[in-house]
Amino acid sequence: MTDVHEVEVVVAHSERATVRAGDVFLKIDPDQRRADVEVEAMALAPLATPRVLWRNPPVLALAALPGRALGRLGEPSTSSPRAWAAAGAAVRRLHDAPLPPWPGRSLDELATRLDRECAWLVANGALPTDLVTRNRHIAEAALRPWTPVFTHGDLQVDHVFVDGDEVTGVLDWSEASRGDALFDLAILTLGHEEHLGDVVAGYGADVDLDVIRGWWSWRSLVVIRWLAEHGFDPSAPGCEVDVLRARM
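Here the numbering used here runs 28 ahead of the position in the sequence shown, where the first position is 1.
Check before you lean on any hint, since a few could be wrong.
[What the hints assert, rightly or not] The calculated label-pair distances, taken between Cβ atoms and stated as ranges, are:
#1 274 with 234: 20 to 26 Å
#2 152 with 232: 18 to 24 Å
#3 121 with 222: 19 to 25 Å
#4 129 with 157: 30 to 36 Å
#5 273 with 186: 34 to 40 Å
#6 274 with 45: 15 to 21 Å
#7 52 with 172: 38 to 44 Å
#8 172 with 270: 33 to 39 Å
Everything labelled a hint here was simulated from the structure, so no lab data went into it. Since this is a predicted model, take the numbers as computed values, not measurements. Glycine included, C-beta positions come from ideal geometry on N, C-alpha and C.
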């Protein structure tokens, strides 16, 4: 790192921060449980992941992945349909892997969080009541029993890196756990509905599209308050509020 001339803040808020210094990412997180999960999940996942360079709590140093992000929420993706299909195939390899030893969130926890956040959105006038009500109804399709698989848990499109049409790695594993396979597919395609067919083709299995749409609505509803409180804009073009409006 002696050749580093500047530091880029990748993300920063009151809970954690990530900065890039040259080809090294420094993740600062006072909650060491998240770092523990990230390190163990990367060791277990059958996918390329960032190499752990060193760990000195609360800092975890990771090597940068080659390539570029598959896309960004709120921006049109310039990646090819084949790259999106490759991402779907990578997710399938993860889901076919042995389960991690720790559990994920229960169905009751997910339903309770949806109830709480919808009530807050309506009570505080954050979103029109009809928009919340419609999307809450759609979200209920996702809240059904599932067979747990090894899930990434936060498979946002910018957490998947590609070089051309090949996936070079997946980062940010702190939410990995046992969970619903369709949740990962939904988070990957959130705001990029036009690539859902490519992802499903690469995934190579039958997918209930109503459940995918349910998870789009669930995710968007439950994160709006957190985003607003941490300096992000969920109403930016192509982001969470637009995802909800697309369901109307």
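Hint-by-hint comparison with the structure:
no., hint, result
1, 274 with 234: 20 to 26 Å, "holds, 24 Å"
2, 152 with 232: 18 to 24 Å, "violated, 43 Å"
3, 121 with 222: 19 to 25 Å, "holds, 24 Å"
4, 129 with 157: 30 to 36 Å, "violated, 42 Å"
5, 273 with 186: 34 to 40 Å, "violated, 22 Å"
6, 274 with 45: 15 to 21 Å, "violated, 32 Å"
7, 52 with 172: 38 to 44 Å, "holds, 42 Å"
8, 172 with 270: 33 to 39 Å, "violated, 26 Å"
Going through the hint list in order, the structure does not satisfy hints 2, 4, 5, 6, 8.
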